[in-house]
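Since the structure of chain A is provided, determine the placement of chain B on it from the hints.
Protein sequence lines correspond, in order, to chains A and B. Mapping the first sequence onto our numbering, position 254 (from 1) lands on 254, and the numbers just tick up by one. To convert, take the position in the second sequence, counting from 1, and add 1000; that gives our numbering.
What the hints contain is simulated information worked out from the structure, not anything from laboratory work. Don't take each hint at face value.
Incomplete in silico selection of chain B near chain A, CB under 8 angstroms [to be verified]:
hint : residue
1    : A1052
2    : N1055
3    : T1122
Idealized CB from N, CA, C, for every residue including glycine.
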Amino acid sequence: MSTNFNEKKMERKSRNLIKKTPAFIIFFATTFLILCIHAMLLIYPYVWLFLNSLKNSFEFYTTNTMLLPQKWLFSNYADIFDVFVDEKGNTYITMLFNSLWWTAANSIPSMFISCMVAYVVEKFDFRGKDIIWGVIIIMMILPLYGSGAAGYKLTFTLGLYDSPLLVIRSWGGYGGFAFMMLSAFFRGLPRDYMDAAEIDGAGYFRTFVTIMLPIAMGPIVALLVKSFIGCWNEYMTMIIYMPSFPTLSSALYTFEKKMANGANVVIYYAGALITIIPVLVLFTCFQDVFLNNVSFGGLKG
Amino acid sequence: MEGLKKKKSKIVAFFSGRKGKQRIFISGMLAWPIIHFLVFWLYVNIDAIFLAFRNEARGEWTLSNFKWLIKMFVEPAVILDMNMAVRNTLILFFWNMVVELPIAVVLAYVFFKKLPGNKFFTICLYLPSIISTAVMVAVYKSFLGSEGPFAQIFGQSWVYPITNPETSMLSMLAYNLWTGYGLNIILFRSAMGRIPPEIFESAAIDGITMFEELTKIILPLIWPTLSTMMLISISGVFGASGPVLLFVGEWDAHDAGLMTVGHAMFLQYKVSGMVERAAAMGLFFTAISMPLVFLSRWLLTKVEGEYEY
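Isolated chain A, as found in the complex (with noise of 0.2 angstroms):
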């Protein structure tokens, strides 16, 4: 452990070797400041917006859009659950559902797979393992732009269209950034472990699901929470494919058409911050396991 934080120490150490030129200082004060107004210009929109979806709408328009409230109105909270209704009749809650729903099926089920697909494409031999790696590649970095019209039409042939079951066309594992990091992961974690497992004769799914995944854990965390954020904050697919299943985000989309200049305004800044509320939970539960997990190499393959 403190050879661990010596380690730690002695590297971080290293990093500001270089001599500290008056250039160096400038650069890294300007920076810094830059970076304070930045982070301001990040902040403030929402605190902004939290004030005023306390206020009343004629409060908001008339006299007072800047300065604190005059009334706290948490009530406006309540009324998103009588406001945000669409044509329907899909309620808040009802799209709260939606995205608990959409975000769980997607992102669970198509980590798994690309957990699949990923340890069998590193860790075995195979005839066909070539052809494989060549078509995720070719997939990366194939501009194709037609597929989104084609894709629209497929979902109508397997009458996937406005179903729950369009959640299977993400279910895919193979490219993407989540199957890079993980077969990055499964390259370089030693063989031993899978050959260990067959000694103690563990069958491969055996050895894959209660040695590898648990190994694997650390990145697996990471880029779940990057895909439950993901899935939550995904408002296209809803109103192109699904539009009788709005969630949070895709139901701002919607709303704003309606409520942006009108009496309501005020609860619709009040709904897009409860919105964003779970995500910033997660995140603030899972920033080390994240920032600490996420890597991307080279394309090499």
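What follows is chain B alone, placed relative to chain A:
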């Protein structure tokens, strides 16, 4: 009968024993991803090529989708100007390559050098990547809108920049600058963290400056990560659409001067129901960008040195 039996026993032998079990395992693990690939990638992309030459309503093969596309370049329609769409898409792409990526590298470097508050800044800059684009755009639009701080400060002279064709692209670029490089910073920072400390120690003994350290040590060593990010950007050059839909809705992109190739395709297949025209646009831009991608990949690999660490 005899041949059938032989075949059967061959199959049984193929899947028995240690090797056989391994084959079953590999087949089982890859069966679904392969089916998925065949249906949702290969079939979709082949069908996209066919669709581009089809008129589905009449059930005939035609070049009319491409003729329509050329017309949108030569005589732009009231709601679709392909020249504008291509110009805006390329502006967004170059903004990403020339401004956002280099800024991300420099910021990753200063965080790597332990700038005070680097963790706070990293998290702040990463926030736009975890908050829904729908919320980010809603906040951005409200902030720039008639009740926002800018309108309060500038009063009557403030013109809402998002729907004004003269400022709309600038406001889109500003949005991208505001939100666009959180993940890249983490990736570059992580790549820098993997460089052995001894390299920095010996460089410091040689009296290296900060600029030299960044350009002569760090950039070559994080090149695999950087070139990968560049290649991903280049391969998505005509997909660099920005959140046009959230900025101006479905039909106002043209009037606001915000039309992009991605949005034009979306309008065709989703809003107008002209799947074939969207496919023709896709094929056209694929044909243009394909050589570009392979040339870039070749160039990026040429630049890449053989650094082992």
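Comparing the hints with the structure gives:
no.: 1; hint: A1052; result: holds (6 angstroms)
no.: 2; hint: N1055; result: violated (14 angstroms)
no.: 3; hint: T1122; result: holds (7 angstroms)
Comparing the model with each earlier hint shows a violation of hint 2 alone; every other hint is respected.
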